[in-house]
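Colleague: Line by line, the protein sequences are chains P and H.
For the first sequence, the tail end lands on 65 under the working numbering, and the numbers increase by one without skipping.
For the second sequence, the tail end lands on 1145 under the working numbering, and the numbers increase by one without skipping.
It is possible that some hints are incorrect.
Said to hold, decoys possible - Some chain P residues near chain H, calculated using beta-carbon distances under 7 Å:
#1 Arg6
#2 Leu8
#3 Gly23
#4 Leu58
Hints listed in this document are in silico derivations from the structure and should not be mistaken for laboratory results.
Just so you know, even glycine gets a beta-carbon here, dropped at the ideal spot from N, CA and C.
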Amino acid sequence: MNISKRKLLLIEYGKIVLKEIEGVKLPSTDSDGVRMKEIQEILGLNHDGVMREVSEYLGGTVSQD
Amino acid sequence: MNFELPEQDVQELEPLREEFEQIGTNWRVPLNQIENLVAGNSNLEEMLEDVLDQCVRYTKTVLEQQETLLTEGRGEDHAEKDMARSITHTATQDTLRAFARNLIRSGKTATDIYPLLPNTESRASCGQFALRLTLSRGVKTEQSK
Chain P
1 MNISKRKLLL
11 IEYGKIVLKE
21 IEGVKLPSTD
31 SDGVRMKEIQ
41 EILGLNHDGV
51 MREVSEYLGG
61 TVSQD
Chain H
1001 MNFELPEQDV
1011 QELEPLREEF
1021 EQIGTNWRVP
1031 LNQIENLVAG
1041 NSNLEEMLED
1051 VLDQCVRYTK
1061 TVLEQQETLL
1071 TEGRGEDHAE
1081 KDMARSITHT
1091 ATQDTLRAFA
1101 RNLIRSGKTA
1111 TDIYPLLPNT
1121 ESRASCGQFA
1131 LRLTLSRGVK
1141 TEQSK
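Please work from the sequences and hints to get the whole structure.
Modeller: Here it is as structure tokens:
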């Protein structure tokens, strides 16, 4: 998988998580939850691992600001 | 063939395992410790709510800006999203600075605050903290499944 594709998956995952934080949806009970699982499988990581990668990736973009 | 490590080796490796686990989890912000700092002070509790909301807003702008950059490149749309992100970044730093200032006014010391909050004079530190704080809240999803 190329880097851009991986980053887009991390962004997609982050957006789903944000929806939950904002109380819009509960990922574990709808299609977002299924998509989260799919992304975890594609990336070969569990939820915590994906979140860590999202954090590292986005954190890296801030230092360029 | 027996692949199990002798008990003595397991004990020697235990500190290393703990170290690796810490490396894997140290991106998280200990929100419960920050909540303890403000507990019992309604003004600070409200300010913490503002901090949490502002950090979510900032994280959202970073995600949108990065998505546009990856899908459309550095065009007009990206410039617009980047501007929104930058403005939100400034507002986030201001919110964190006000929160830290009010913690100090309430009697908390720098020793209480700065292991938990970023250097509020550093724009990059505030941005990274905001992202980590928001994403740390998202980790709870796993526990609730």
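Colleague: Compare the structure with each hint and give your call.
Modeller: Status of the hints after comparison with the structure:
1. Arg6: Violated, about 10 Å.
2. Leu8: 6 Å, holds
3. Gly23: Violated: closest Cβ of chain H sits about 11 Å from P:Gly23, beyond 7 Å.
4. Leu58: 5 Å, holds
Consistency note: the structure conflicts with the earlier hints numbered 1 and 3.
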